[in-house]
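Novice: The chain contents come next:
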Amino acid sequence: MPVFDQNGTQVWRRRTGRESLVRWFGWLLGVAVFVYCWQIISASTTWFFVWDAPRIANDIWTRATPPRWEYITQLGRPIWDTLNIATLGTLIALCLAVPVAFLAARNTTPSALFIRPIALLIIVSTRSINSLIWALLLIAIIGPGVFAGVIAIAIRSIGFCAKLLYEAIEEIDQTQVEAITATGASRWQVMAYGIVPQILPAFAGIAVFRWDINIRESTVLGLVGAGGIGLQLSASLSVLAWPQVSLILIVILVAVVVSEWVSAKVRGAII
Amino acid sequence: MSEIRLEDKLGGAWRKPHFIKRPLLRWGLMAGFAAYLVAAFMTIEVDWGRVYEGLDRGAAFVLAFTSPDFVSRASDIWEGLFESIVMTVAASVVGILISIPIGLGAARNIAPLPVYVVCRGIVAVSRALQEIIVAILLVAIFGFGPLAGFLTLSFATIGFLSNLLAEDIEAMDRVQAEAIKASGARWTQWINYGVQPQVMPRLVGLSMYRIDINFRESAILGLVGAGGIGATLNTAFDRYEYDTAAAILILIIGIVMALEYLSGIIRARVQ
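Residue numbers (this note's numbering), protein chains in the order written: chain A, 421 to 691; chain B, 14 to 284.
Among the clues, some could well be false.
Chain A is faced by these chain B residues, among others (derived, beta-carbon under 10 angstroms) [to be verified]:
#1 Pro30
#2 Leu50
#3 Thr56
#4 Arg70
#5 Leu94
#6 Phe95
#7 Thr101
#8 Val102
#9 Ile145
#10 Leu150
#11 Gly158
#12 Leu160
#13 Arg229
#14 Ala232
#15 Gly240
#16 Tyr255
Worth flagging that the hints you see were computed from the coordinates, not collected in a lab.
Glycine included, every Cβ here is placed at the ideal spot set by N, Cα and C.
Please build the complete structure, drawing on both the sequences and the hints.
Specialist: What follows is the structure in structure tokens.
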């Protein structure tokens, strides 16, 4: 504990002199980096627009209120599409994530040297690219529409689900697996009766959690043309129909809140 | 009761217990799900001819990963990537700094009720609105450029980090905080010596995680004109320049992997 003599009395300090010097330089460096970044942002900003922002915001607000409620009759189908994109995407992702997770978990992978790195690469590369980018790519490949959205959501979710699932597999209780093995079970029987029952609650939790996130993501996929309510949003934005935009935003907000509520309820029931 | 059941079951073949125990609920859920799947498949229109045509382009894209083109659009790529990184750094710093007081305010055990309600409200709004939608609105208000992206990411960081920080503070050990209070500490000293040391490791870990997310998100903000690598990526897809797109995606994946590795090291050090 650093204690200093000050006019004969001992004073406690939190850190030694050396520690506080290192910290001081760390902060200095951090502040310098931040100021540099801020200058770059500032240099590529038209400040006139920023000073004008309150007026513009006020203008948009007056245009956007009240929402055009009768437009909601045209939103039924897009909402259904959005739900389909999220649900089917999650289902496909789960089907693909299970084998990847089993290949990536240290205790179930057939080969830690060759197959595990490939599985981890699949996980990291699908996880680090946003579903909007996957959607852009798939639209260029298979054309715009709901199908591209489903596949984009599916690909994006593989990494997420597989990562959480393989961590759950690595944390299982090995004694149960040994007990099943001791009865003379085959490799697949060990999996079905020793491993799967242990990870099933985690699996269900992950599925519902990811479904909730996917509902959020699928609401905006339409911005790049991959179906769902985002299509209506981008159409309304491009014709500056602000009352429709505000209605769509309200619908999206409600969808997000409802899906979060459902997912919290289901996860509460499982765990 | 369980003993009687066991007696009944002795001698019979063992059956695997079901995941959902109530049969009515189980069959109801399965039937409902099957009905939903049928309805979903009926309404999704897939243009299989277009998908089949697209397979060539898909193959071309996959092949592009073997020969990514970093060179011919090098200046665009570096500019976009640099802007993404600048936005990430600045938004993370500002977001973390703002989310700490809001996180303190959103913890029920240290904040008075009015402050708690206000801070929880901010967190709820920030979490319910998606980055890309916030970015659209901010671009409309502040004009194109990285400032809108920076504000979007800061706003999203606040919702994410304050929420988790508040949950962590609510789960902290009261005894330590009370000991500091009993020594006659001011409110700021109480926070600094009683609360902060308990939540610091988790705060650092979460901040690193959020920086990682911010970088990933900054890659798509360009799609709506909020600066960063997204605009370059979008152009590359639009021009079917798959080798350039592959190069950008490889760079994004690489940076995300590096950030994850770095955050792993830092989290291991602070915990």
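Novice: Could you work out which of the previously given hints the structure breaks and list their numbers from low to high?
Specialist: 5
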